[in-house]
Amino acid sequence: MPALWIRNARIVDPASKRDAVGDLFAEDGKMVPTLSAAGRKRAKKIDAKGLVAAPGLVDIHVHFREPGQTHKETIATGSRAAAAGGFTTVVCMPNTTPTADNAGTIQYILDAVRRDAVIKVLPTGCITIGAKGDILAPIGSLKRAGVVAITDDGDCVQSNELMRRAIEYARMFGLPVMDHCQDTSMTDGAVMNEGDVSIRLGLRGWPNAAEDVIVSRNVILSSYTGAHIHMQHISSAASVDILRRAKSDGVRVTAEATPHHIAFTDEALATYDPNFKMNPPLRTEADRRAIIAGLKDGTLDCISTDHAPHTDYEKDKEFDYAPNGILGLETALAVVLEVLVRKSKFKLSHAIDLMTRRPARVLGLPAGTLLAGAAADICLFDPDESWVYDAKSGQSKSSNSPWSGRTLVGRVKTTIVDGRAVFPFAAS
Amino acid sequence: MTWTRRHLITIEELSLAEIDQIHATASAFKKILQRNVKKVPALRGKTIVNLFLEPSTRTRMAFDMAAKRLSADVIAFDAASSSTQKGETLRDTAENIQALNADMIVIRHAAAGSPLYLSKILDIPVINAGDGAHEHPTQGLLDTFTMKEHLGSLKGRKVVILGDILFSRVARSNIHALTKMGAKVTLVGPSTLVPQGFTTLGAEVSHDLKSALADADVVMLLRIQHERQGHRHFPSLGEYTGMFGLNKTRASWLRPHAIIMHPGPINRGVEIDSELADGPRSVILEQVTNGIAIRMAVLYLCAGHQPEHVIASTE
Numbered sequence: 064m065p066a067l068w069i070r071n072a073r074i075v076d077p078a079s080k081r082d083a084v085g086d087l088f089a090e091d092g093k094m095v096p097t098l099s100a101a102g103r104k105r106a107k108k109i110d111a112k113g114l115v116a117a118p119g120l121v122d123i124h125v126h127f128r129e130p131g132q133t134h135k136e137t138i139a140t141g142s143r144a145a146a147a148g149g150f151t152t153v154v155c156m157p158n159t160t161p162t163a164d165n166a167g168t169i170q171y172i173l174d175a176v177r178r179d180a181v182i183k184v185l186p187t188g189c190i191t192i193g194a195k196g197d198i199l200a201p202i203g204s205l206k207r208a209g210v211v212a213i214t215d216d217g218d219c220v221q222s223n224e225l226m227r228r229a230i231e232y233a234r235m236f237g238l239p240v241m242d243h244c245q246d247t248s249m250t251d252g253a254v255m256n257e258g259d260v261s262i263r264l265g266l267r268g269w270p271n272a273a274e275d276v277i278v279s280r281n282v283i284l285s286s287y288t289g290a291h292i293h294m295q296h297i298s299s300a301a302s303v304d305i306l307r308r309a310k311s312d313g314v315r316v317t318a319e320a321t322p323h324h325i326a327f328t329d330e331a332l333a334t335y336d337p338n339f340k341m342n343p344p345l346r347t348e349a350d351r352r353a354i355i356a357g358l359k360d361g362t363l364d365c366i367s368t369d370h371a372p373h374t375d376y377e378k379d380k381e382f383d384y385a386p387n388g389i390l391g392l393e394t395a396l397a398v399v400l401e402v403l404v405r406k407s408k409f410k411l412s413h414a415i416d417l418m419t420r421r422p423a424r425v426l427g428l429p430a431g432t433l434l435a436g437a438a439a440d441i442c443l444f445d446p447d448e449s450w451v452y453d454a455k456s457g458q459s460k461s462s463n464s465p466w467s468g469r470t471l472v473g474r475v476k477t478t479i480v481d482g483r484a485v486f487p488f489a490a491s
Numbered sequence: 042m043t044w045t046r047r048h049l050i051t052i053e054e055l056s057l058a059e060i061d062q063i064h065a066t067a068s069a070f071k072k073i074l075q076r077n078v079k080k081v082p083a084l085r086g087k088t089i090v091n092l093f094l095e096p097s098t099r100t101r102m103a104f105d106m107a108a109k110r111l112s113a114d115v116i117a118f119d120a121a122s123s124s125t126q127k128g129e130t131l132r133d134t135a136e137n138i139q140a141l142n143a144d145m146i147v148i149r150h151a152a153a154g155s156p157l158y159l160s161k162i163l164d165i166p167v168i169n170a171g172d173g174a175h176e177h178p179t180q181g182l183l184d185t186f187t188m189k190e191h192l193g194s195l196k197g198r199k200v201v202i203l204g205d206i207l208f209s210r211v212a213r214s215n216i217h218a219l220t221k222m223g224a225k226v227t228l229v230g231p232s233t234l235v236p237q238g239f240t241t242l243g244a245e246v247s248h249d250l251k252s253a254l255a256d257a258d259v260v261m262l263l264r265i266q267h268e269r270q271g272h273r274h275f276p277s278l279g280e281y282t283g284m285f286g287l288n289k290t291r292a293s294w295l296r297p298h299a300i301i302m303h304p305g306p307i308n309r310g311v312e313i314d315s316e317l318a319d320g321p322r323s324v325i326l327e328q329v330t331n332g333i334a335i336r337m338a339v340l341y342l343c344a345g346h347q348p349e350h351v352i353a354s355t356e
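Residue numbers (my numbering), protein chains in the order written: chain C, 64 to 491; chain U, 42 to 356.
Everything hinted at is true.
Below, simulated SDA-like cross-link-like pairs (lysine to any residue); rule was C-alpha separation at most 25 angstroms, straight line: (1) C:K359 / C:R73; (2) U:K161 / C:D379; (3) C:K380 / U:A143; (4) U:K161 / C:P386; (5) C:K380 / U:F208; (6) C:K380 / U:N137; (7) U:K127 / C:D379; (8) C:K195 / C:N165; (9) C:K408 / C:K476.
Calculated directly from the structure, the hints in this document are not laboratory data.
The shape of chain C in the complex, shown without the other chains (with noise of 0.2 angstroms):
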């Protein structure tokens, strides 16, 4: 049986509130208190030295863009992204073409994630039809097919009836109910966040009021109900407040921030730069900072990426015509090192915590800890080395990345998935 032993890493764990040097024990893809004489003497040793080895990095929003947008990324592809990052689970959201709104489709992507993918990649389904907003998508089915949550990313569900009764209907069936809160009335023709910067820009602006309103009207639907709903990508500081307010009158709600929302702002647009387009806009400093506050008290669960890959061609526009959304994949972990870890001094374990033990938590998903008994997925990362990120030669597919070209901190050196290293790649 194949076994694995990483020697003297820093071991970080937060579901067992383990930071300490030590080695780390696989067999049979499981995670293992020790290996016997026998076991070590076969046993894969990685000399760890100078590395965090925490678990396999959870990302529960990602854009892979299969079936029917792969000249913008692939299962393949993407989850090359991912490994690279540290990833090793990662949930995909329904917006392919066609969309995940029934079983067939679900299918499609679970056998290409068992042909292409390097990681551990979990389907969502949509929770309309199309993503249309008007017609439930076949819930009971897709559960059957195998997604883990619903949802219609990138289009908020706008009738609160019918997000009433998507939310009791999926309840019924354990499947969480993530939203992309955004009143779309309030939006029409948006392309950055409301404020002093978009007055000067001339762009229209995306009032994070608009994001407001339909966190409210998650909370409220979701204390009314009882059931669960996870807010995706929260930009906005009044956002947080309700967060914080809902949670601790008891509401089931949980939400995540992305890595840009806590690294940038609009300022960052004033040379129209598409690779700092997306939505949720990026917003003012005092959102910045409520982000990083939100994650630091609990407010905000976990970091995800919303890794959203477009080719050169379709970003490379005038702002207005460019695309939303950008990488992130293979950035995260150094971007979440910098701001929160270095800048805004959360405890490592804490940030590690936000991107393994967390997002797995919010979507009940068997990952994010190195206890003995489970998955044997790891990142082991050097906290330390400095890199410059060229997008260009990244897994992606695509490159439409704000931090290609910029020095990060803090790089990914092995990434191991059931107790076999997939990253780096063999040469192929």
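With chain C fixed as given, assemble chain U onto it according to the hints.
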């Protein structure tokens, strides 16, 4: 001071000295335009492409006229019949124009930031002729030029800009030019079209027309761009005119020397009464005339010439 700029993208990035240089150069060209022979050979052998991807009458004709007065060849790019309608990207269109050996591009585009984007792609000078709701630098330059002709220095002068500020590139370029030149700018209109955020650009915001007009030296009207507002920013044109339209009574609140400006196109009877548009305070057609001299100055300077040469030639 030497003129070094190759592109004209915004007034926000111009220094006061650069604005003065453009004005001085335009002033010299204006003298030339009053001669019998109105043409100078400054840009002979150069080709300027007018890439107008959004409808325009005044600006396009003024750029066309200005280029011809400078002896440049002008190619007009017609958006309606061009390959942009077939899905060609702006980058490809621009690179093709450059490959055709154009020496300069004048661009009008509905998307804010497009001129800056072009200037990063191309090696030839890019002149912004209006980008979305962002800037319309030559309009700001010709407006302040016209104000100076009537009022002298603009330091301490008060300019009221009245109307749809939120969606106006003309307002933004004028705010930048006027504040650099030391004028006080007050923005007036319905609160939905004149958000408080404009104070961060150095202007005052008011919704009280009477007090704003009382001590104004200039009132600049902007067209109500009903097509951009989706009928949500105010109830009706009638209500707008009732509250903010400039009529005879309201014009009587102005001081005797105050002038009325409008970048056009005018909606007579909406933002301004017809007789005021044609009346003695109106400098609306002077703005159009000055627009040629300003665009000649901008094309001339961005093509690499220095202001002194043309100024000397007219002294």
